[in-house]
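Heads up: the sequence lines are chains A and B, in that order.
Per the numbering used here: the first sequence = residues 1 to 325.
Per the numbering used here: the second sequence = residues 1001 to 1079.
Wrong hints could be hidden among the right ones.
What the hints assert, rightly or not - Using 20 Å as the maximum straight-line C-alpha spacing, the simulated PhoX-like pairs for lysine-lysine come out as follows:
{"id": "1", "chain 1": "A", "residue 1": "K202", "chain 2": "B", "residue 2": "K1070"}
{"id": "2", "chain 1": "B", "residue 1": "K1037", "chain 2": "B", "residue 2": "K1014"}
{"id": "3", "chain 1": "A", "residue 1": "K169", "chain 2": "B", "residue 2": "K1014"}
{"id": "4", "chain 1": "A", "residue 1": "K202", "chain 2": "B", "residue 2": "K1014"}
{"id": "5", "chain 1": "A", "residue 1": "K296", "chain 2": "B", "residue 2": "K1070"}
{"id": "6", "chain 1": "A", "residue 1": "K177", "chain 2": "B", "residue 2": "K1014"}
It is worth saying that the hints were derived from the structure and are not from the lab.
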Amino acid sequence: MFDWIQNIADWFVYDILNLNKGQHLAEALNFFIYDTAKILILLFVIIFLMGIVNSYFPIDKVKNYLSRNKLYGLEYLMASLFGVVTPFCSCSSVPLFIGFVRGGIPLGVTFAFLITSPLVNEVAIGLFVGLFGLKTTIIYVVSGILLGTISGVILQKLKLESYLTPWVKEVLANAQKDQDTFIAEKQTLKQRLPFIWDEVLKILKGVIPYVIVGIAVGGLMHGYIPEGFFEQYMAKDNLFAVPIATLLAVPMYSNASGILPVAQVLVAKGIPLGTAIAFMMGVVGLSLPEAMLLKKVMTFKLIAIFFGVVTLCIIISGYLFNILL
Amino acid sequence: MSKVIKVLGTGCPKCQSMTSVVTDVISENNIDATLEKVEDIMEIMKYNVMSTPALVIDDVITIKGRIPSKDEVLKLLKS
């Protein structure tokens, strides 16, 4: 499917720049051009498709649905799925949290949404398809959704309402189920497209610099690190690799776009995929800036429990991947 | 009549871009309006919005969760 990009990269590097095949520089440059073009195209397509899906599931509609309907346990999975199609902005996490609480949506369900939304987003999916292929992407997406669902159920069982900040407890006390069905503005896809298009361009513009730097660094490493280099340090049977990778990842700020291309090279050079996925989930799903924002609605203890449970689930899924893949 | 415009947002980059778009539209078109940035989360929640930034014109929420174009803001202010 992407042969033509490879042809362009080959032509540019070997014919125009006249570099020799097998040279470190030539190979690194070729890899860089091919990867950048392929990933940007995939990112564009996926962000666009997700934009269309999202325009039919605005956050108010999601909240209304979760607030009104009795789902007999499925609400965690539904919240997690809605999290996938909702673009995540950490600055919206607080208003969103309050909105959900106000609508009488259980805390655990809200958490399921808050966990999956950043973890499985359009940018991460686009990068995953480009870097790791479809199969790994599906595994990542499905496990991200399950991780949000299961973490949500666990957090609900822990009965954490008393660790909310006082003003949120007040909101909780006055919570009401939505009475009316949310009626979205009736718009045809044609009317929606200009807005979706604008969003796509904005998201792409925001991530392109990071993607390019990430691929450039990856390209350099690809050319200079010998095959299988990491296997000696981070073998599958090294029990500490997954927790260490996860704990390193959590404080890192979510520039998935910069980190994923590097992680791909690490996998190519011998880091087990499960360890790498745990690392990436830690980077993408949890971040310190988000924790700082949540301080307005949660006590320190609640944030710590929230991050702790999610981190634990990430570590477990890292182990599972290493065993299963 | 002077319009009261509020930009709701907790100070994220998107909210700042919305504020600058609105500021530009007001000054470029000499619109009689006051612009207020609402950053306090409790104040924001009174408007019942779940995605920021949100644009409120004379206490009506017109846009939420995205950055509008200048034309769009101009249209909203003229209507």
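Hint by hint, work out which the structure violates, then give me just those numbers in ascending order. Of the numbered hints given earlier, those the structure breaks are 3, 5, 6, listed in rising order.
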